[in-house]
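Construct the complete structure from the given sequences, taking the supplied hints into account.
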Amino acid sequence: MAEEVKLFGTWASPFSRRIEVALKLKGVQFEYIEENLSNKSPALLKYNPVHKKIPVLVHNGKPVAESLVILEYIDETWKHNPILPTDPYEKAMARFWAKYMDDKLWPAATKVVVSKGEEQKAVIEEIQEQLKTLESELKEKKFFGGESLGFVDIAANIIVFLLVAQEALGLMEILTEEKFPVLHEWYQRLVDDAVFKECVPPRERHLGFFKARFGSSTASK
Amino acid sequence: MEEVKLLGAFPSPFTHRVIWALKLKGVKYDYVEENIFNKSHLLLQSNPVHQKVPVLIHGGKPLAESIVILEYIEETWPQNPLFPHDPYERAVARFWLRFGEDKLPAFWAFFGTVGEEQEKATKEAKELLRILEEHGLGERKFFGGNEIGLTDLAFGWIACWLEVLGEVAGVKLLEADGFPRLQRWIEDFKEVPVIKETLPDRKGMLAYFRYRRSTFIGEAASYEAAS
Chain A
1 MAEEVKLFGT WASPFSRRIE VALKLKGVQF EYIEENLSNK SPALLKYNPV HKKIPVLVHN
61 GKPVAESLVI LEYIDETWKH NPILPTDPYE KAMARFWAKY MDDKLWPAAT KVVVSKGEEQ
121 KAVIEEIQEQ LKTLESELKE KKFFGGESLG FVDIAANIIV FLLVAQEALG LMEILTEEKF
181 PVLHEWYQRL VDDAVFKECV PPRERHLGFF KARFGSSTAS K
Chain B
1 MEEVKLLGAF PSPFTHRVIW ALKLKGVKYD YVEENIFNKS HLLLQSNPVH QKVPVLIHGG
61 KPLAESIVIL EYIEETWPQN PLFPHDPYER AVARFWLRFG EDKLPAFWAF FGTVGEEQEK
121 ATKEAKELLR ILEEHGLGER KFFGGNEIGL TDLAFGWIAC WLEVLGEVAG VKLLEADGFP
181 RLQRWIEDFK EVPVIKETLP DRKGMLAYFR YRRSTFIGEA ASYEAAS
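Chains as they are written, first to last, in the UniProt record's numbering: chain A, 1 to 221; chain B, 1 to 227.
Some hints here could point you the wrong way.
As the list claims (entries may be wrong) - Computed list of lysine-lysine pairs in BS3-like fashion (alpha-carbon distance at most 30 Å, straight line):
#, chain 1, residue 1, chain 2, residue 2
1, A, Lys99, B, Lys61
2, B, Lys103, A, Lys91
3, B, Lys103, A, Lys62
4, B, Lys61, A, Lys116
Since the hints were made in silico from the structure, they are not lab data.
Okay, here's the thing in structure tokens:
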């Protein structure tokens with residue numbers, strides 16, 4: 001049966017990149033459509049009328065929106081290489097931590113790039129508290145998903161974007177090996193993963209993106 | 001049979017979502033009413049990350065975040081299903097669950113504001129209700145279809161809490177003819193036997209939310225937690 005999978009996304013969005021990771025992990029062929037957010041396509045507006053946002057996955061003409069919702073849909077539709085555990089409690093915990101990434105880490109990350117001086121320092125401290133929480137959740141595991149990348153690791157891609165922003169804007173180091181020995185190692189494993197590393201924005205372009213948008217007087221050391 | 005315990009607070013719509021799901025599935029549980037102004041050691045230990053209700057403790061294992069708990073209940077006790085089987089239908093349901101969560105601060109901003117700020121917040125809340133009316137509910141009897149589902153439970157606050165919050169804040173959101181589908185849904189939702197039996201006491205709710213509003217807008221207030 002011919003299967004049509006389309007992904008509407010943008011190169012610099014962690015939410016969009018999450019979907020690429022999941023589709024690639026499962027070897028699903030898909031057509032990628034890069035959206036211009038200042039000039040959204042009629043197709044995007046048709047497929048996500050409520051939010052008018054990316055990412056949107058369109059599977060055989062039927063649209064799915066909201067990145068964590070799309071990840072679950074992908075896992076339930078293409079069942080090999082599962083990204084969620086089968087045990088209901090483990091699955092619930094994965095959902096809890098993925099939600100944590102979006103509800104806590106993401107708002108803090110968006111705040112850090114637009115704030116300055118003392119306010120920015122305070123946000124960085126807040127982020128480090130959150131990373132401490134994640135560090136104690138990870139414990140001895142190779143990934144949040146266990147032996148291989150899972151739902152929470154994919155949702156944690158926000159951290160990649162945060163650290164690129166940190167570098168671009170000359171901020172103090174956030175995920176230090178000293179403060180976060182466990183998470184630091186996990187991060188290296190994440191960005192070295194064969195599939196994951198194909199799904200991050202090209203580094204130079206990404207650094208340039210942050211510098212252009214948020215750069216100049218926000219640096220604090 | 002493993003023990004099921006629910007830590008909750010009677011004025012919390014999040015707690016009620018979980019109560020409704022457990023009752024709809026006929027799951028026996030112990031309920032512990034938390035005083036959110038004086039949280040128990042068990043609550044702080046079971047939900048160290050957020051320190052909030054509701055928390056479900058099943059066989060000693062704690063779970064927090066009501067939307068996460070709802071799906072866990074569905075998967076653990078499959079009788080009387082509250083969620084579709086089809087992956088696409090599930091994605092649609094989860095989309096609306098997510099919408100409800102993300103937009104909650106915007107839905108309720110009118111409650112913590114006054115004057116011009118409140119007018120703006122009220123307008124925004126009505127726009128969100130409009131989206132639910134037209135896109136979320138559409139022609140269906142319930143968000144879940146012909147029978148109530150997890151999405152209906154998640155939006156249960158519209159059926160039971162919205163009117164109380166509005167009365168306390170002096171705002172009317174669901175005008176008589178403005179939202180016919182949502183109005184009909186509210187009536188149908190409140191008629192479901194489990195819901196009807198567990199609607200929180202209105203007088204108690206008014207007292208609690210009057211206190212909350214006065215703290216939000218900076219007035220002096222006192223409140224006696226129900227014992």
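Quick rundown of the hints versus the structure:
no., hint, result
1, A/Lys99 - B/Lys61, "holds, 19 Å"
2, B/Lys103 - A/Lys91, "holds, 24 Å"
3, B/Lys103 - A/Lys62, "holds, 24 Å"
4, B/Lys61 - A/Lys116, "violated, 42 Å"
Going down the numbered hints, you'll see the structure goes against just number 4.
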